[in-house]
Amino acid sequence: MQQSFTVGVEEEYQIIDPGTRSLKQRAEAILSRAESSPVNVEAELQLSQVEIGTPVCDDLAQVRAELVRSRRAVGAAAAEEGMLIGAAGSHPLADPADQAITPTERYLGMAEDYGQLAREQIVFGYHVHIGMDDREAAVQTMNRVRGWLSPMLALGGSSPFWMGRDTGYSSYRTDVWGRWPMAGSPEVFGSCSEYEEVIDLLVTTESIAEETRIYWDVRPSSRFDTLEYRVTDVCMSVDEAVMMAGLARALTRRCYEQAIRDEPVPVVRPELLRAAKWRAARYGLNATLVDVHGQRSRPAHEVIDDWLGFLRPSLEDNGDWAETSALVHQTTERGTGAARQRDAFGRSRRLEDVVDLIVAETGAA
Amino acid sequence: MGAPEGNRARDFSLGVEEEYQIVDPQTFALTQRAEPVLSNAEISAGGIHPELNLSQVEISTAVCNTLAEVRAELTRSRKELSTAAEAAGVQIAAAGTHPFSHWSDQTVTPTTRYLAMERDYAQLVREHIVFGFHVHVGIGDAEVALQTMERVAVWLPFLIALAANSPYWLGRDTGFASYRTDMCDRWPTGGLPESFRSRNDYERLVKSLIATGSIKDEAEIYWDVRPSARWDTLEFRVTDVCSSIDEAVMVTGLIRASAQICHEQALSDAPPDLPRPELARAAKWRAARFGINDTLIDLHETAAGPAAEVIENHLARLRPYLEANDDWDEVADLVRATLRRGTGADRQRRTFRRTGRLEGVVEAIVTETLSE
Chain A
35 MQQSFTVGVE
45 EEYQIIDPGT
55 RSLKQRAEAI
65 LSRAESSPVN
75 VEAELQLSQV
85 EIGTPVCDDL
95 AQVRAELVRS
105 RRAVGAAAAE
115 EGMLIGAAGS
125 HPLADPADQA
135 ITPTERYLGM
145 AEDYGQLARE
155 QIVFGYHVHI
165 GMDDREAAVQ
175 TMNRVRGWLS
185 PMLALGGSSP
195 FWMGRDTGYS
205 SYRTDVWGRW
215 PMAGSPEVFG
225 SCSEYEEVID
235 LLVTTESIAE
245 ETRIYWDVRP
255 SSRFDTLEYR
265 VTDVCMSVDE
275 AVMMAGLARA
285 LTRRCYEQAI
295 RDEPVPVVRP
305 ELLRAAKWRA
315 ARYGLNATLV
325 DVHGQRSRPA
335 HEVIDDWLGF
345 LRPSLEDNGD
355 WAETSALVHQ
365 TTERGTGAAR
375 QRDAFGRSRR
385 LEDVVDLIVA
395 ETGAA
Chain B
60 MGAPEGNRAR
70 DFSLGVEEEY
80 QIVDPQTFAL
90 TQRAEPVLSN
100 AEISAGGIHP
110 ELNLSQVEIS
120 TAVCNTLAEV
130 RAELTRSRKE
140 LSTAAEAAGV
150 QIAAAGTHPF
160 SHWSDQTVTP
170 TTRYLAMERD
180 YAQLVREHIV
190 FGFHVHVGIG
200 DAEVALQTME
210 RVAVWLPFLI
220 ALAANSPYWL
230 GRDTGFASYR
240 TDMCDRWPTG
250 GLPESFRSRN
260 DYERLVKSLI
270 ATGSIKDEAE
280 IYWDVRPSAR
290 WDTLEFRVTD
300 VCSSIDEAVM
310 VTGLIRASAQ
320 ICHEQALSDA
330 PPDLPRPELA
340 RAAKWRAARF
350 GINDTLIDLH
360 ETAAGPAAEV
370 IENHLARLRP
380 YLEANDDWDE
390 VADLVRATLR
400 RGTGADRQRR
410 TFRRTGRLEG
420 VVEAIVTETL
430 SE
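Note that the protein sequences, when read in sequence, are chains A and B.
Using the numbering used here, read the first sequence as starting at 35 and increasing by one per residue.
Using the numbering used here, read the second sequence as starting at 60 and increasing by one per residue.
Bear in mind the hints are in silico, worked out from the structure with no lab data behind them.
Just to be clear, a hint being listed does not mean it is correct.
Stated by the list, open to error - Footprint (simulated), chain A over chain B, 3 or more residues, beta carbon under 8 Å:
hint, stretch
1, 233 to 243
2, 257 to 269
3, 329 to 340
4, 359 to 365
Claimed, not checked - Selected chain B positions facing chain A (Cβ under 8 Å, derived; list incomplete):
hint, residue
5, Trp228
6, Pro247
7, Glu253
8, Gly272
9, Ser273
Positions of the beta carbon are idealized from the N, C-alpha and C atoms, including for glycine.
Turn these sequences into a full structure, and let the hints guide you.
Here's what the structure looks like:
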């Protein structure tokens with residue numbers, strides 16, 4: 035069965051006060067302003083964030099157009115409230131103690147269940163759904179993409195600052211997000227029914243209230259016929275967001291094709307997978323990355339180039355090679371969002387200027 | 060991160076390490092006084108060591124064969140350390156987190172090892188202001204130790220729940236009984252250990268972590284339970300440091316019996332019936348979140364049940380081993396006392412409700428740390 039490999043993107047944005055540049059708890063007002071707009075905007079865990087979701091897109095041009103449209107519409111709704119929006123994995127100045135949970139049953143329930151862990155989730159992610167209407171194939175594909183997520187994470191780091199300090203990390207959000215008991219790399223599953231048994235087991239033991247509380251880096255969506263990636267920070271620029279969509283789509287296609295040819299699932303120790311992910315979150319493109327398949331450490335640009343080589347046939351089949359490879363090279367040359375935030379801070383030593391950079395890149399199309 | 064002296068341990072001998080907070084007696088905040096405390100202390104048979112931050116010190120007991128010896132060693136260490144602290148104008152406190160001191164006010168101990176950790180792990184190290192309790196259980200055969208390790212995962216939620224002693228963080232109630240558990244799981248080599256087919260398999264993993272630059276040496280593996288890099292022991296590092304010596308003795312007795320039952324299973328050659336890793340993690344998380352105040356996931360039964368019931372079931376499974384060790388009366392009494400009086404986390408919350416001050420909580424921890 036041929037899969038569609040359609041693309042749907044969700045982005046979480048920060049709501050920012052233009053005067054102080056700090057996060058502001060204005061989601062409710064902005065959401066009601068955005069109601070009349072044609073884009074899909076929703077509440078998130080914190081009152082200082084909103085999430086957009088694109089329609090199902092058939093190609094990257096459509097993804098780009100939808101993201102531009104969504105960012106504009108949310109930006110306009112925010113402006114009517116005297117606010118700005120920003121796309122970055124963390125807010126440089128925010129203190130978890132100053133935030134407020136969105137007062138809906140769902141989010142208050144999460145705050146109640148998860149305590150401090152929920153209160154510290156002042157982070158902003160990027161989720162991309164790749165259309166796969168065969169759930170068995172989605173599980174078999176997931177088994178094969180696990181080893182390739184760290185280069186994706188390295189390219190997408192946009193959360194170097196936390197509580198007014200440089201964390202040393204390219205994606206500190208990865209650390210914060212990884213605290214959920216159901217976050218991290220998925221295990222390997224023998225079949226779709228094994229996957230479903232594990233979900234049932236987690237529900238019957240009250241480990242999770244419902245299937246949507248599985249936050250693995252990649253998983254078959256509980257709502258759509260898709261494989262959903264949620265490993266990366268939200269990207270500052272639309273270019274980077276399009277790049278991530280192109281990469282996730284090609285990775286899905288490549289690993290799906292391996293799965294239907296019944297190629298063996300690469301055996302990777304989970305400890306090494308975790309170390310690789312941590313390194314990517316810590317250093318982004320600035321040092322080495324762990325090549326989990328080759329079991330060695332190599333300069334980041336080599337690992338990225340190899341990955342691109344691995345993905346090339348699928349990028350070409352998807353018609354995305356020229357754009358996605360150009361965007362990857364643009365990122366390796368300009369630096370990740372995290373690197374650009376640090377450059378901005380280096381110039382003025384003011385985190386407010388970092389926020390300004392985030393806001394400017396979010397709105398530039 | 061030291062460990063007991065003596066290289067060849069008898070099977071099921073015990074060595075305990077405790078990490079303590081150094082507290083200012085006026086403000087009850089953490090204070091960076093490890094160096095004067097260390098130079099004042101002369102803890103005889105065992106040892107006293109610096110730790111990651113200058114606001115903490117660690118003691119290790121001599122190798123013990125009975126819980127009575129463990130109790131005597133801990134009593135002596137805490138007393139001697141407290142005398143040294145007093146001479147430096149500070150106090151020591153045993154609890155998994157400090158209720159209100161901020162991580163940004165702490166200083167990493169300026170040794171080559173700790174400064175390198177700060178450089179490599181950055182924010183993770185800065186926020187890592189937590190205090191653990193490590194028990195080394197002697198297991199002479201390295202292969203059997205690994206087969207024991209994979210089987211003990213099912214016992215960890217029970218241990219975490221009973222030892223939970225870190226409800227507060229940065230001046231707030233986290234909602235967790237053991238928030239330290241959450242902090243420790245952030246390390247890239249933290250969390251539950253995986254399974255290994257053989258010692259070779261384990262050594263291959265360590266090599267590949269080193270070859271990929273993921274760790275510098277075996278000591279940077281921080282799993283909840285790990286084969287000691289230096290001794291013939293299985294090292295349990297999953298629980299918060301307990302405020303009272305009674306609780307420390309209880310946890311030590313439970314750890315030894317858990318290791319024994321799993322050791323026996325490992326020797327019987329029966330294939331292990333290991334829980335799904337997702338469920339093992341969920342069970343651990345639930346124990347850290349609620350301690351003994353809600354349900355716990357019983358990994359032996361693959362079901363959630365009221366905490367007191369799950370704990371009694373665990374105790375019943377361990378009973379033959381506790382009896383053989385002559386520990387049953389003491390340990391069962393201590394477990395039941397904990398079920399009645401609450402964990403360290405429950406007592407901290409009660410103190411806060413009574414005094415309305417987190418300083419009052421620290422004061423109570425200091426008192427418990429020194430009570431025999």
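Tell me, which hint numbers fail for this structure?
none
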